[in-house]
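Novice: Each chain, written out:
Number of protein chains: 2
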Amino acid sequence: MKILILGGAGMIGQKLLSLILQKKEIKSKKVSEITLFDIINAPYPENSSIPIITKSGDISDPKVSNDLILSKPDIIFHLAAIVSGQAEQEFDLGWNINTRGSWGLFEAIRSQGDSYRPRVVFTSSIAVFGSPFPDQIPDDFFTTPLTSYGAQKAISELLLADYSRKGMVDGISIRLPTICVRPGKPNLAASGFFSGIIREPLNGQEAILPVDTDVRHWHATPRSAAGFLIHAAELDTSKLNNRITLNMPGLSVTVQEQIEALGRVAGNDVVKLIKHQSDPVIKNIVSGWARNFSTKRSLELGFKAETTFDEIIQIYIEDDLKK
Amino acid sequence: MKILILGGAGMIGQKLLSLILQKKEIKSKKVSEITLFDIINAPYPENSSIPIITKSGDISDPKVSNDLILSKPDIIFHLAAIVSGQAEQEFDLGWNINTRGSWGLFEAIRSQGDSYRPRVVFTSSIAVFGSPFPDQIPDDFFTTPLTSYGAQKAISELLLADYSRKGMVDGISIRLPTICVRPGKPNLAASGFFSGIIREPLNGQEAILPVDTDVRHWHATPRSAAGFLIHAAELDTSKLNNRITLNMPGLSVTVQEQIEALGRVAGNDVVKLIKHQSDPVIKNIVSGWARNFSTKRSLELGFKAETTFDEIIQIYIEDDLKK
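Residue numbers (this note's numbering), protein chains in the order written: chain V, 801 to 1123; chain X, 801 to 1123.
I should point out that these hints are in silico values taken from the structure, not numbers from a laboratory.
Check before you lean on any hint, since a few could be wrong.
Because identical chains share one entry, a pair is satisfied inside a single copy or across any pair of copies.
No farther apart than 20 Å at their CA atoms in a straight line, the calculated lysine to aspartate or glutamate pairs in the EDC-like style are these [what the hints assert, rightly or not]: (1) K863 / E907; (2) K1075 / E1006; (3) K985 / D1119; (4) K863 / E888; (5) K1096 / D940; (6) K823 / D874; (7) K966 / D892; (8) K966 / E890.
It should be emphasised that the depicted structure is a prediction, and the values quoted were computed from it without experimental measurement.
Can you build the whole structure from these sequences, using the hints too?
Specialist: Structural data, given as structure tokens:
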């Protein structure tokens, strides 16, 4: 079984790679080869027992997607994207990579002919939704994105659904919660503080909290995200009845609940490293984001996420803190 | 005020043209020029007091959309589309015209620069929805199209919404009900009988009813459709808060209710021209279609449709029967 990971150099791509190397098989079939594709050459463990190939390029170039499909991978994880902030600033770049790139990939698969119908797992985002929201967003809520990134993801979902309905690919789109605790250094993303207020204190550093503690948000760990991807790759998609786009499960907590969990897991001295420093710009951006979901369908289909924020912190400590 | 109608040769394009020629102004501004674009040269009244230009070509060709935008029309009605059945059969053609064509139009407008921001009224369709449905589809119901046509319309809506949010155009998308009573000759569309069982008997001809009389569907007249388009062109889009896609109002009736109305309006001898002749293929297609909507938003925004099927029949008699 050959695997292709588009966006293989990113944080989730790397977590997925680790999980595949650990499992060694998908759908009870041995993984024989993994190709990591990204805009740069992705890192990978040198001692891997499974052959790993890295390729780099621009996914919006049809030649690039055609080249990636030539080896007919059985499972394609499509995680490649220009992130939200950049897609909002660079309109053409965002549409080229996030929509024309996805479309070109589906076309490249289709052009291989009828006998080739790989599983395509596409990572979408809760950015397809735009406020105002109900208290809990249901599975059948409409997509009214308020960013170009959200629109690009929503369109890729619709493309994948139609190519799948027509039997040209075997697709599934999963809308990930905000990933928390994100490992690594602080970044400038507006959502960065949700991870920062946990990660920095656990590393003995101060963290800035730019919003009020009653702000509620929707979280899942990097470990869950990798698990969603594998589960989506193994799922019987005939169960989806052409509704191939799923809101992934997650945990809805307030910042106050995040801080209380940090206190329980790591003690009050660690909590004291969080400094409140209100930022009206970030407050305003965050107020437009989805806070809570009812994810009946994905739970029934066996997708699993954390159920307490204590658990989310523990997973960060186990998977990333000491590395 | 310059008007451009894409799809100007079609039935709704022609109804819209008549309404504009009758009103002579939009948003209290005199209409100075109307351009009709279609794959063929559209017919128009020779004695029109407003100058009418006809152009023909392929809207998926960027040169064609750029040429149409050069004169900077103030209002663009985008009705051009490959219809549902053909888009399902001819995959590339449908995607080229219905999605790449719309996208190319929005790009052509954007390329004119910041000072040009025309109103674009895009006709979408209830085909963006796919069964199973709730009894009444609410305004915030998700789009899970079961045809390529529906997917192409849903994607064009998302594109127009993002280009509008970014201030590149001033767009609004309206999802039309099934148009009934459609004037003209019977056609092979699966939905054709909804009009045929009224139109043919009123013209003294037999009509085939291929489904059971308890089938429920969602209707509006050609006159309403033209009215929706004008109202959408005149609406203050800042009221839409970036949710520029609206389900248009309509009337939900069963075939039985259609037949009873025909009896009241035209008498029982006319009703006797309807012949039941069950068609399993059409029954199956129709069972996947939306039956009823709650269109709170569009009603609050002042869009108006018929409220009885008697009225729908009367409008056909007034507008089309004797012509």
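Novice: All hints, please: hold or fail.
Specialist: Verification of the hints:
1. K863 / E907: within (11 Å within a copy, 24 Å between copies)
2. K1075 / E1006: Within one copy only: 7 Å inside, 79 Å across.
3. K985 / D1119: Cα proximity of K985 and D1119: one copy only (15 Å, versus 68 Å across).
4. K863 / E888: So K863 and E888 fail the 20 Å test inside a copy (26 Å) and across (27 Å) alike.
5. K1096 / D940: both (10 Å within a copy, 18 Å between copies)
6. K823 / D874: within (16 Å within a copy, 60 Å between copies)
7. K966 / D892: between (29 Å within a copy, 12 Å between copies)
8. K966 / E890: Between copies only: 12 Å across, 33 Å inside.
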